[in-house]
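With chain A held as given, fit chains B and C onto it using these hints.
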Amino acid sequence: MTALLTLAVLATLLGGTLFAVALDRAYLPLLALFTRQRVETEAPDRLNRDLAPAWYLALAAIGIAVVPFAPDLALIDSPVGIVIWGSCEALIVLTVFLHGWSPNAPFPLIGAYRYAAIGLPVMLPSMFVLIAAALPAESLSLVAIVDSQREVWNVIRQPLGLPLFMVVALAMTLRGPMDYADAADIATGTSAEDSGAGRAVWQIARLAMLVSVSAIAATVFLGGPLGPVLPGPVWLWLKTGALMALTVWIGNRVARTTPSRMLTILWVVLLPLSFLHLLISGLIAL
Amino acid sequence: MQTVIVILGWTALAVLLARAMQPVADSTAPQAMPFLGGGTPDTHAWQRYHFRPYSMALLFVAFEMEMMFMYPWAVVFVSEGIKALAEMGMFLAILSVGILYGWREGIFRWQ
Amino acid sequence: MAMTRLARWAARSPAPVFAAIGPGRQAETERLLARPGLRRAATPRDAAILLVAGDLPGDTAEALSHVHDQLPHPRATLRWQADAPDAIAARIETAWRDICAGERDEDDHLPDEPPNAWKGIGPHGQGGKGMMGGTPYGRPMAMTGTDIRDGLRLDRYTARFGPFLPMLPPGLVLQVTLQGDVICDLDVQAPPLAQAADADAPDLCAARMLRLLGLDRAAHRVMHGQSARALWLRGAVPKRIGRIDGTSARDRLIAWLAGDTVSVAPPDLPALLHGAEWAEAMLILASLPPSALIRAARGVEAA
Numbered sequence: 001m002t003a004l005l006t007l008a009v010l011a012t013l014l015g016g017t018l019f020a021v022a023l024d025r026a027y028l029p030l031l032a033l034f035t036r037q038r039v040e041t042e043a044p045d046r047l048n049r050d051l052a053p054a055w056y057l058a059l060a061a062i063g064i065a066v067v068p069f070a071p072d073l074a075l076i077d078s079p080v081g082i083v084i085w086g087s088c089e090a091l092i093v094l095t096v097f098l099h100g101w102s103p104n105a106p107f108p109l110i111g112a113y114r115y116a117a118i119g120l121p122v123m124l125p126s127m128f129v130l131i132a133a134a135l136p137a138e139s140l141s142l143v144a145i146v147d148s149q150r151e152v153w154n155v156i157r158q159p160l161g162l163p164l165f166m167v168v169a170l171a172m173t174l175r176g177p178m179d180y181a182d183a184a185d186i187a188t189g190t191s192a193e194d195s196g197a198g199r200a201v202w203q204i205a206r207l208a209m210l211v212s213v214s215a216i217a218a219t220v221f222l223g224g225p226l227g228p229v230l231p232g233p234v235w236l237w238l239k240t241g242a243l244m245a246l247t248v249w250i251g252n253r254v255a256r257t258t259p260s261r262m263l264t265i266l267w268v269v270l271l272p273l274s275f276l277h278l279l280i281s282g283l284i285a286l
Numbered sequence: 001m002q003t004v005i006v007i008l009g010w011t012a013l014a015v016l017l018a019r020a021m022q023p024v025a026d027s028t029a030p031q032a033m034p035f036l037g038g039g040t041p042d043t044h045a046w047q048r049y050h051f052r053p054y055s056m057a058l059l060f061v062a063f064e065m066e067m068m069f070m071y072p073w074a075v076v077f078v079s080e081g082i083k084a085l086a087e088m089g090m091f092l093a094i095l096s097v098g099i100l101y102g103w104r105e106g107i108f109r110w111q
Numbered sequence: 001m002a003m004t005r006l007a008r009w010a011a012r013s014p015a016p017v018f019a020a021i022g023p024g025r026q027a028e029t030e031r032l033l034a035r036p037g038l039r040r041a042a043t044p045r046d047a048a049i050l051l052v053a054g055d056l057p058g059d060t061a062e063a064l065s066h067v068h069d070q071l072p073h074p075r076a077t078l079r080w081q082a083d084a085p086d087a088i089a090a091r092i093e094t095a096w097r098d099i100c101a102g103e104r105d106e107d108d109h110l111p112d113e114p115p116n117a118w119k120g121i122g123p124h125g126q127g128g129k130g131m132m133g134g135t136p137y138g139r140p141m142a143m144t145g146t147d148i149r150d151g152l153r154l155d156r157y158t159a160r161f162g163p164f165l166p167m168l169p170p171g172l173v174l175q176v177t178l179q180g181d182v183i184c185d186l187d188v189q190a191p192p193l194a195q196a197a198d199a200d201a202p203d204l205c206a207a208r209m210l211r212l213l214g215l216d217r218a219a220h221r222v223m224h225g226q227s228a229r230a231l232w233l234r235g236a237v238p239k240r241i242g243r244i245d246g247t248s249a250r251d252r253l254i255a256w257l258a259g260d261t262v263s264v265a266p267p268d269l270p271a272l273l274h275g276a277e278w279a280e281a282m283l284i285l286a287s288l289p290p291s292a293l294i295r296a297a298r299g300v301e302a303a
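Chains A, B and C are the protein sequences, given in the same order.
152 is the number that UniProt numbering gives to position 152 of the first sequence; each next residue is one higher, with no gaps.
72 is the number that UniProt numbering gives to position 72 of the second sequence; each next residue is one higher, with no gaps.
41 is the number that UniProt numbering gives to position 41 of the third sequence; each next residue is one higher, with no gaps.
Only chain A is shown next, with the shape it has when bound in the complex:
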């Protein structure tokens, strides 16, 4: 069973990443990068430069391992699944920071610190919505959270949850309005000095993370593998795919404001909204 689940996780991550590349229409440009030279920057931090994409990829794989593929069936069936995903989110901030720090160049460095400033407060709404989802389940396990949605999905019971989590998804996958690491005003920021295969691997890791975040969102808000007729994994894949497409669509459509303004919005608007969300979810759960 474990071997089967391991294969399922790998296949989901791989297939999902290929789907994400298609959503971004990036197949040929990504392939072309593998034919290009990988440029060395001036006195870089080589170890962190090479490992940052690896950590990003690893966090995507660990994140998707806590997702139940059928009711009662997850590769990491932990009683604290939400905490494991939460630590993945926190480590993404670190990973993106290291990616921007390592080339020893001004634009990546600015992108790295900017992302740290935005990434930290994004953690807060994220954990509030996940904890709100844990209230009716009376457990921090994602299997229990799926189980608690047998009658009604959290997206209906906790209407603010999914919209708030989409903001987190955009920030975790460096996309559109929350892409403060790789913004255009700093010549694609943390990626500004990436070339060739190094650039491609970072982009692939970023797309793999899109699969992981969407799978978590599908599990927490859309009932994960629950659904009629079709088997559990198929429902999970369909819901994950739909959320990936939605994230890409929002990323292409919504404008990005300046970082200091976004910081105020995160603390003054989004955080009180997630308090409100917790209150509503708590009252309904009682």
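Some hints could be false.
[Said to hold, decoys possible] The following residues of chain B were derived to be distant from chain A, with all beta-carbon distances above 10 angstroms:
{"hint": "1", "residue": "V6"}
{"hint": "2", "residue": "E64"}
{"hint": "3", "residue": "I94"}
{"hint": "4", "residue": "V97"}
[Said to hold, decoys possible] So, partial list: chain B residues that the calculated Cβ filter (under 8 angstroms) puts toward chain C:
{"hint": "5", "residue": "Q2"}
{"hint": "6", "residue": "T3"}
{"hint": "7", "residue": "A20"}
{"hint": "8", "residue": "P23"}
{"hint": "9", "residue": "A29"}
{"hint": "10", "residue": "F35"}
{"hint": "11", "residue": "G39"}
{"hint": "12", "residue": "H44"}
{"hint": "13", "residue": "Q47"}
{"hint": "14", "residue": "R52"}
{"hint": "15", "residue": "P72"}
The hints are simulated quantities; they were obtained by calculation from the structure and are not laboratory data.
Values in this document were obtained by computation on a predicted structure and should not be read as measured data.
Glycine included, each C-beta is placed from N, C-alpha and C at the ideal position.
What follows is chains B and C alone, placed relative to chain A:
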């Protein structure tokens, strides 16, 4: 145990994959120079960087600690009932005063 | 030479181009890069082809060499003089195919020497005057200074930005001292290159701002005469920034999106950008029509 094995396994796999896909980088001195649109820097980019939202980061630590209490709280919430909701409400209200104070002091404005 | 399968696929992808734009060629080049077979690279690290549009003045030659040498191998430089846009697009696509086939490459223009001699004490040459006085790897380390906002003494990073930075108008060279990402000191070292009136076209001006707002697709649509179809467009530009003659950066974006040409009096550039955050400063610059920027920068130089 399985949790630890899976996490270590995925990490090792990702490191191997990323290493295999990324060739060793190599450059001449003019190619290695940081990109500034043709301009030149006076110094290395690594610096004691002025991280503007440092006071925001302190407020963040307060909320992270609060998050630690919320994990066990979420599990017993339904059995404890309205009492648990009121207690967490009070806790959050106290922390929210911190946000309002910080906002007034301009700590979210890159000061 | 037989191409590998990977190289054949690569050749079918849009050609990644980094443009160095000369006098009078801004509008033409921006429209060229919006064509389907080409991809506008934000940094030379992501490009294979350096497109030099028009006659660059002699004092930009060294900067052009820097940008040229930063492109990864294999690479090619194309000079665009009198060709029609169709002809130059075809030349770029041919060059990209040759690059993918490994039939074309260029050597560095500049000598392979570190920017400064290594000196100093310690395993990385970092020591000198105290901890930081050396030049490790041929460059000194940043030194501290008092910040303009909160007075903390942290490092000041000084560099010359431009003349071929994609978010700055072509030709503009700014010597900027940053503390974190706030502009503490600013000196205009070269004004933007002269551009014809077509660089002020509303769709091009709007597209420049949209790209800074992370809306590449919307920028593309606007340049092809369609509506931007983006959410939170106005709200994303802070209300207070870039105020000149009673119009703000946000007002000008709205006017451009409505298809109106905007004219503003040349502002005092150093005063406008001093103390701004980098993201705001780039938005302010993009919110000024090129004609106003050129006059503003020339005024600073003459003074």
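Just pull the numbers of the violated hints for me, sorted ascending. 1, 2, 5, 6, 7, 8, 15
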